[in-house]
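Protein chains in written order, with the numbering used here: chain A, -8 to 346; chain B, 6 to 746.
Among the clues, some could well be false.
[As the list claims (entries may be wrong)] Covered stretches of chain B (chain A as the covering partner; in silico rule of three or more C-beta atoms under 8 Å from a C-beta of chain A): (1) 340 to 352; (2) 383 to 397; (3) 431 to 444.
Derived from the structure by calculation, the hints contain no laboratory data. Note that CB positions come from ideal geometry on N, CA and C, so glycine has one too.
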Amino acid sequence: MSFKIASSPHQHNQRSTAHIMRLVALACLPGIAVQAVLFGYGVLIQLILAIVTAWLSEALILKLRGKPVFARLKDNSALLTAVLLAVAIPPYAPWWIIVIGTAFAIIMVKQLYGGLGNNLFNPAMAAYVLLLVSFPLQMTQWLPPLSLQSVDLTPLDAVCSIFTHYSCSGFSLSQLQANIDGITMATPLDTLRTDLSRGLTLDESLNRPVFFAFAGTGWLWVNLAYLAGGLLLIQQKIISWRIPLAVIASLFVLSAIATLAAPDTVAGPLFHLFSGGTMLAAFFIATDPVSASTTNKGRLVYGALIGLLVFLIRNFGGYPDAYAFAVLLANMAVPLIDYYTRPRTYGHRPRSELK
Amino acid sequence: MPGLFQQIQAGKLWDFHGGIHPPGRKQQTTQKPIAVLPIPDRLYLPLRQHIGVAGQLLVRVGERVLKGQQLTSAENSMAVPVHAPTSGTVLSITPHTSPHPSALPELTLVLEPDGLDEWRQREPLNFLTCDNMTLLSRIQDSGIAGMGGAGFPTHIKAGLTQPVDYLIINAVECEPYISADDLLMQEAATTIVKGIDILCRLLNPKAVLIGIEDDKPIAAAAMMAACSQREHYYVRIVPTKYPSGGEKQLIQLLTNKEVPNGRRPADIGIVMQNVGTAFAIAQAVLDDHPLLSRIVTVAGDTLNQPQNVLALLGTPVSALLDACGFQSQPQQRVIMGGPMMGFTLPDLSVPVVKTTNCILAPTAQELPSASTEMDCIRCSACADACPASLLPQQLLWYSKAKDNDKLQEYNLADCIECGACAYVCPSEIPLVQYYRVAKADIREQQREALKAEQAKARFEARNARLEQEKQERQQRNQQLAAARQQQQLASGANTAVADALARIKAKQAQAAPADERNKEQILAERELKKQQAREYQQQKAQQQEQQQNAQQQAPEQHSGQPEQTPAATDNTNSKAAAVAAAIARAQAKKAAQATEQQATEQQVTPAPNTEKSHQAAVSAEADPRKAAIAAAIARAKAKQQAQTENESSAPPASAGAVNKPAAESDAAVTPEDPRKAAVAAALARAKAKKQASAEPTEQTAASATGASEPDAVVTEDPRKAAIAAAIARAKARKQADSENS
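Model the full assembly from the supplied sequences, consistent with the hints where possible.
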């Protein structure tokens, strides 16, 4: 009788890539739910479009590359990319935006680099930047929270406006963006940015209806939901605490210093943490293992770099929010960060002592 | 801040990086007593069961051996003998599947037990009264090698002369399933402590630290009880974590020390022994019971009765499994060792050896086989688990790329192959396997490099030897030559001629009886030689002609010429000619350069009259020729003079002198004659110059300087010539000035 030969170890902890990816996607659910409730159901339609596009593009390229299609689709990495891009773009953007973005993310950013594990850049964020640069109008048409909208939107309206550019009752997106007084309402970050550039002080701007307490109306809750999902991931040891902490801490410290130096023109740390995509980026996007730093020290550097870049771009750059740019720039620095943050091997002296 | 020893005494524990927590699954076997296996039909005893070298065979096929009888001798310090585990007959000594991951056949003694279990003569020792050497040789002769898994000869570690601070007894047993040490401690704690006493006697440590994982409370209690009389024995309960039982990891856990890269624990004053080894030492010394059997955990869900068994060394695995009710499954794996570091067996005839602590026969549900390897997603779970703080995913990357330099930079050699990285890898990449292959590659490469290095050294040594021999030979020849010369000097200058004459006479005397043909031959030879001489002269004349031609052409073709002419002169071997030629060449070259310069200068200066400058350029080309002819005449004269002088004074050219630039050697040998030649040359040149100055007005400026430039250089040492040249130049210039104005 013959026995099976295998190499040690013969035991495995049974946590697979598919499992990890699925858990990360599931941890997005609280955030998605809050987004859907507060900002309308557009995000759900975007999700469906993104996932279908991602699977189709992944299958197509895997087929072309002669790889096993279903075995690879099962790793859920395409699904996760789709989810992250879908929640990042404006919920009522036309359908082709998300389709182009997801296809680009999967085909160009991920598969052309060699597939899962080989891409230099975060696929979702690279696609986001592509869309933002190519379709600036569609990518900045964020609707205000439902509570501020002059017209009530039904789920059917979401479908209509995504596929026909007009809601079922015939309103265009820019009309929907306007409040009862007919003034267009942008995102809190955008509003603040415009106000500050018009010479208003921070306090004057924060009195607008798009703001609530220390952050944007609705956005506070979205961020809190993503924070909860992220903490769950850390508790499950799916992601390391280092990157989220570094992102949040560096953004917090920098904005705290800046707001102390210029209280009228720079928003405070809490505003920065709970506006825009901070929590989503810190817990779900920056922690993408493939494109992030892999050493423990390096992760802290990587996260802090993202925080710094976001702070700089938000306050001094040309865009209201900047996670996509910050993450991509930090992705580029990853090989360097990894090289210089190698841990000391057991029994070896620290590298600094060797010189 | 208390010192390290105080901290250790106070019971402080440290931690090591990484580690994993696989399910222990030890309850299968810890609750049952150790079963004693019946003596099997055959015992397969590999002659080498440890790290090191095998001993020399002491028995022959067909011989009857007694229990405990040495089957191999241990002359080498890295060898430990194997013993007959029971009495019986040696059936054969043949290669047999080895208990090694490779399963390569290894020389194995097959013993047929006779069932009598008859002991040889035994001589128990009192370890308190005998000296260390006796104890150490007893340990070696009893065949004891590390029983934790590595199988390092124990007498070497126990016989260290370095001072030892801590003796660490490894009873951690961190791999899942394995409980052999646990049961041993439960049942034989006092014997183990006696073994530790013997080790203390040999090593004299400051303290003994006994590390036990917290999942063995009964064993720990038994050990604590047994150690209660010993002041400096400390039982330390360490948290369950894999691989706490690794030597380096346990040292870090108990003492917060790290074994420096490439060193041994002894270098930091630590010796570690397995608890089973301590037991074996006690048996060997106190009972003269060599290492004949060991406790093996037989576990896995395919067994009806998983348990620990006391198995004779050499017992085939099949006997162990059968004793525990093994029911094989399709695609069955049988693992020797634990699930993390053990290896699968190709068949069940593989025997239990000194390092075998576990036989595992799991079901597919229990330990699922690895599924398909996926791409690395760089999640770094492996780095978080690595107890050596390596970066396994980088190592994987470089292993795949076969980048051995990078692998060494990332300290692949520090990988202990514990398998923690592969255990946590979500992509189920068999990382350890990649590292094993890479390590083997690197070893192979290093061996090749070493071989190449040795070959190079050999080659260089040979070259040096040949060179030395050559030099010695030369020296000897020189000495002999010198001796001959001295002899000649002593016997007068003419002795050589006299000798030669004597030789000729002797030859003639010998040849006289011979026939007439000899004379004819000699005549013919003479004729031939004359012929050759004539030819040689002809050749020489031709060459000289060629040279002259070449020099005349020189002003036009100044680039290739200098290389050709020296070659020609070298061939003639006539130095005088070479001198003359060299001078002439130099002149020609200078002249050429000068004219060229002149020409270009004239072209560059924004001349008001372009026609004029053009004409000047043409004349500059025409004029040097005349100068060259004059120079050649001068050279011929010089040559004649030089030859006449040389023939009288210069000795035959030596081998070295020929190689040197002819001009240089000549200047050294005959510093006098070139001057005369140069004077002649200068006179000739002066004439040529006069002629040139008489030429139509526009051309003079160019030609005069063209001719005079080389003078200045070539006739540097012949001063007279220089003066003449200077006068000529001054004249030419005046003329030129008057023309220009």
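Violating hint indices (sorted, rising): none
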